[in-house]
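Engineer: Going down the list, the sequences are from chains A and B. For the first sequence, position 124 matches number 123 in numbering that gives the first Met the number 0, and the numbering has no gaps at all. For the second sequence, position 389 matches number 388 in numbering that gives the first Met the number 0, and the numbering has no gaps at all.
Hint data in this document are derived by calculation from the structure and do not stem from the laboratory. Be aware that one or more of the hints could be misleading.
What the hints assert, rightly or not - Which residues of chain A face chain B? A few of them, derived with a C-beta cut under 8 Å, are:
no. : residue
1   : D94
2   : S133
3   : E142
4   : A211
5   : R268
Stated by the list, open to error - Result set (DSSO-like, lysine-lysine): computed pairs, CA atoms no more than 30 Å apart in a straight line:
no. : chain 1 : residue 1 : chain 2 : residue 2
6   : B       : K319      : A       : K62
7   : A       : K153      : A       : K123
8   : B       : K426      : A       : K167
9   : B       : K319      : A       : K171
10  : A       : K78       : A       : K30
11  : A       : K153      : A       : K187
12  : B       : K269      : A       : K103
13  : A       : K171      : A       : K187
14  : B       : K426      : A       : K108
15  : A       : K123      : B       : K426
16  : A       : K171      : A       : K203
17  : B       : K270      : A       : K265
18  : A       : K103      : B       : K319
19  : A       : K153      : A       : K37
20  : A       : K153      : B       : K426
21  : A       : K78       : A       : K187
22  : A       : K123      : B       : K319
23  : A       : K103      : B       : K270
24  : A       : K123      : B       : K270
25  : A       : K174      : A       : K37
26  : A       : K78       : B       : K270
27  : A       : K203      : B       : K426
28  : A       : K187      : A       : K30
29  : B       : K270      : A       : K108
30  : A       : K265      : A       : K78
31  : A       : K108      : B       : K319
32  : A       : K30       : A       : K265
Claimed, not checked - Here are the simulated distance ranges between beta carbons:
no. : chain 1 : residue 1 : chain 2 : residue 2 : range
33  : A       : N48       : B       : L431      : 35 to 45 Å
34  : B       : G385      : A       : P170      : 29 to 39 Å
35  : B       : N260      : A       : H148      : 14 to 24 Å
36  : B       : N260      : A       : K265      : 27 to 37 Å
37  : A       : E155      : B       : V481      : 46 to 56 Å
38  : B       : H456      : A       : P250      : 45 to 55 Å
39  : B       : T404      : A       : P250      : 53 to 63 Å
40  : A       : S244      : B       : F514      : 33 to 43 Å
Here a beta-carbon is modelled for each residue, glycine too, at the ideal position from N, C-alpha and C.
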Amino acid sequence: MKTLNKIWLAAAAAAILLSTPSMSAEAGDLKDASQIVKRTNEAQYYAANDGRALIRMKIVDSKGRSQRRQFSVLRRDLKDGGDQNYLVVFDQPADVRNTAFLVKKHASKDDDRWLYLPGLDLVKRIAASDERTSFVGTHFFYEDISGRHPDEDKHELVETTDTEYLVKSTPKSSKGVEFAHYTLRINKKTFLPSQIEYVNAQGKAYRRIETAKVDTVQGKPTITRLKVSDLESGGYTLSDVSNVSYDLGIPDDIFVETSLRNPPQKWLR
Amino acid sequence: MKPTICTTKQCHRGGGSLRCIAMAALVFAALALASSALGQVDQVSAAPNVEEGAGESDAGPSTKSPPEASADPRSEEALESDAEGPVNAADAADSPEELAGDVEPTEQSGGDEDWGEFDDWDEEEGGGEGEGSSGARGWGFQLGGFVEGLVAPRVVRSSASANEFAAAEARFRLNLDATHEIASARFRGDVYADGADSRVWFDIRDASIFVRGGTWFNMRFGRQVLTWGTGDFLFLNDLFPKDFNSFFIGRADEYLKAPSNSVQTTFMMKKVGLDLIWTPIFEPDRFINGERLSFFNPLLGQIQGDRSEFSPIQPLFPDKRLRNGSIHGRLYGSAGPVELAAYGYVGFWPQPIALTAIPDPANPPPDLTYARLAVYGASVRAPLGGGLINVEGAFYDSFDDRLGTDPTTPNSQFRGLVGYERELFPKFQMGLQYYLEYTLKHDELLANSLWREYEQHEFRHLITLRLTQFLVMDNLELSLFVFFSPDELDTYIRPRITYKIIEPLAIVVGANLMFGRDDYTFFGQLQENTNVYARLRYSF
């Protein structure tokens with residue numbers, strides 16, 4: 000159970016995994032890296048008004064041992080580019096089944112988060128935590144999943160190919176980050192990232208997130224398979240998204256404590 | 000007092016054999032563990048290509064190439080290899096050639112094989128669950144549970160208890176869920192062979208039905224575990240039954256809460272919720288009664304354990320009448336990030352701390368019993384300085400003795416709590432609490448007390464500290480929880496290590512260390528129960 004003390008982070012998984020890009024691709028290439036990253040951020044984290052997904056993750060450590068996570072996510076945007084609500088209900092591993100998270104994500108301050116422990120019938124509020132630590136024991140970081148604010152980094156356009164933008168992003172402050180910079184490969188049409196690679200102070204790439212599959216759901220290209228690799232240990236996590244639906248009309252009043260105890264089946268399946 | 004009963008005579012056969020069963024369960028689990036660990040090693044060495052494949056492709060960008068170079072388009076070559084793999088651009092979108100860039104990067108051969116697992120994931124895990132065929136309108140079913148062995152030997156000499164084990168048990172848990180859009184049914188049942196008291200226990204922790212009456216009303220009916228309030232292991236406004244035996248012998252945290260047969264109704268009005276819970280037949284705590292754990296009995300003036308002819312304590316239970324049920328209420332809502340709640344309770348003190356009569360040598364000794372109690376309280380919880388602060392207060396109105404002069408009935412109390420928790424370093428959390436019990440009419444209490452020297456101070460202070468560190472990709476948890484009372488000079492220390500060895504298997508090693516200057520204080524009385532424990536759980 001404690002492993003999942005920060006599973007609330009899972010809520011945020013919805014953001015990346017339910018992402019739908021803006022389809023209004025420009026005729027010409029964009030020149031401003033900040034503009035591109037802003038578009039990517041919006042495409043990834045603030046598309047459609049609400050969504051649902053089943054997310055399955057396979058964690059493989061450096062010794063080849065694997066673990067699984069499976070959870071359902073409901074997401075509702077309160078304001079594009081602003082606050083969002085998430086409800087996450089765990090199904091696997093067995094010892095955390097029915098554990099649930101409620102996250103009220105705030106654009107301008109710490110998120111409000113609650114964890115429900117079914118054995119104790121306890122709704123526990125969770126304090127803010129480091130965003131660049133393991134998300135529910137996977138190789139994903141919370142920030143990979145909930146999104147890093149574009150203003151936290153300085154972005155430069157390194158290259159524009161036929162299909163992609165290559166952007167190098169350097170943090171304005173090194174506080175709380177373990178990378179010196181990271182590079183993004185962004186699809187010009189969808190603004191979905193195809194790869195993000197993190198480089199440390201020694202100039203060595205140590206961590207990589209790759210988009211492995213894109214499906215079209217309700218007319219919207221959606222990342223349905225992601226892989227994050229720890230290039231130093233050789234461990235990695237695969238993430239598969241299924242049962243995706245957008246704009247279900249999920250009401251805001253299901254993002255409340257009572258839904259942690261009794262998840263709203265109507266919206267979850 | 001336990002709702003569980005021993006069902007067969009055979010199960011009385013003897014502590015020795017049951018202890019053996021519990022031990023055997025642990026040994027078996029340890030062997031299983033060792034063999035699966037070995038199996039894991041075999042698996043790795045037998046499939047080196049997976050590791051090597053990953054290693055090779057990772058080595059490229061991670062060694063020499065600057066990131067710009069590594070991100071250099073791998074163009075045709077990469078696209079071709081993608082087309083061969085299971086991850087195919089054709090899966091994507093209506094304009095595959097445009098999205099091909101997105102779909103490019105599954106270059107690792109090991110990785111490609113992995114994805115196949117997601118396709119038959121459901122089948123593999125099918126033992127655990129099944130979905131109603133009619134989708135949203137149907138029922139979903141889930142089955143789960145665990146098998147667990149626990150041993151907890153006492154590590155201090157006890158004069159009061161002959162049993163050297165606080166716990167030695169093998170437990171099987173079954174979880175069943177049937178869920179539907181508007182209703183669900185839930186079952187959580189334990190059966191365990193208990194070497195410490197030489198019995199087999201059946202303990203139904205949940206057997207309840209939930210009905211959703213729209214977004215504004217729902218109801219849960221039946222046996223259930225209930226919890227509310229803001230404290231961490233400290234309960235002020237939560238008068239639902241607790242199991243203090245489980246808490247002190249190394250069982251999982253969830254066993255601190257005991258179930259009750261109740262009806263829970265929840266009303267939701269915009270941002271405000273109201274919970275009303277009725278327990279028709281009062282359900283007390285599973286208190287420490289001398290049988291498994293020893294405690295200080297002020298009537299005897301000494302520690303009472305299993306050697307005592309008075310163990311287990313058998314208090315007089317309130318008549319099973321309608322008016323003896325208990326009612327719990329909570330009204331809650333939030334203002335921005337600040338959560339507010341008000342609580343109410345009418346029922347009995349959850350522990351038998353009252354007497355049926357004043358002891359009199361001319362009469363048989365009086366029974367312990369439950370005094371009537373009403374509780375009113377409130378709590379606030381909010382983010383503060385990167386952490387969370389919580390404040391909670393409760394007034395315990397022992398309304399049968401408001402004057403405080405009746406020595407057979409506990410006095411009223413005010414209980415207060417302030418807590419703060421935050422993450423100090425990545426994956427390292429700290430929680431601090433200060434808790435106060437103020438006993439009203441303390442002078443009257445002392446003036447009339449039957450055991451003046453053992454009475455609690457007018458102000459009882461308690462400080463708690465929680466430290467939690469997660470390591471090894473969250474598979475290893477180091478945890479420490481300390482209770483310390485500066486006025487009673489007693490302490491309870493709970494160190495614990497939890498390690499998830501491989502997915503379904505977890506081991507927990509810990510200790511319950513109780514110390515006190517006096518043997519009649521809250522934790523001091525438990526010092527002879529000090530134990531260390533090991534617990535091995537296989538979840539399914």
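Engineer: Below or equal to 30 Å on CA atoms is what counts here, so check K153 (chain A) against K37 (chain A).
Structural biologist: It holds: about 12 Å lies between the C-alpha atoms, which stays within 30 Å.
Engineer: For a C-alpha distance cap of 30 Å, please report whether K270 (chain B) and K265 (chain A) respect it.
Structural biologist: Roughly 21 Å between the alpha carbons, so the hint for K270 (chain B) and K265 (chain A) holds.
Engineer: Need the status of pair K153 (chain A), K426 (chain B): alpha-carbon distance at most 30 Å?
Structural biologist: At roughly 28 Å apart (the allowed maximum being 30 Å), K426 (chain B) and K153 (chain A) satisfy the hint.
Engineer: Compare the distance between the alpha carbons of K319 (chain B) and K62 (chain A) with 30 Å, and conclude whether the hinted pair is satisfied.
Structural biologist: Violated, because 59 Å separates the two Cα atoms, which is more than 30 Å.
Engineer: Keeping to a limit of 30 Å between CA atoms, is the pair of K171 (chain A) and K203 (chain A) held or broken?
Structural biologist: Cα-Cα ~19 Å, so holds.
Engineer: Holds or violated: K78 (chain A) and K30 (chain A), Cα atoms, limit 30 Å.
Structural biologist: Within the cut-off at roughly 27 Å; holds.
Engineer: Taking only the CA atoms, is the gap from K78 (chain A) to K270 (chain B) under or equal to 30 Å?
Structural biologist: 19 Å, holds
Engineer: Hold the hint about A211 (chain A) up to the distance rule: shortest CB distance to chain B must be less than 8 Å.
Structural biologist: 5 Å, holds
Engineer: Would the pair K187 (chain A) and K30 (chain A) pass a check requiring their Cα atoms to be no farther apart than 30 Å?
Structural biologist: Roughly 12 Å separates the two Cα atoms, so the pair holds.
Engineer: Between the alpha carbons of K426 (chain B) and K108 (chain A), is the straight-line distance 30 Å or under?
Structural biologist: 20 Å, holds
Engineer: Just tell me: holds or violated, for the beta carbon distance of H456 (chain B) and P250 (chain A) against 45 to 55 Å?
Structural biologist: Check passed, 52 Å falls within 45 to 55 Å.
Engineer: Does the structure keep K153 (chain A) and K123 (chain A) at a Cα separation of 30 Å or less?
Structural biologist: The hint is violated at about 37 Å.
In the structure shown, a violation is registered for the earlier hints numbered 3, 6, 7, 9, 18, 22, 31, 32, 34, 35 and 40, in ascending order.
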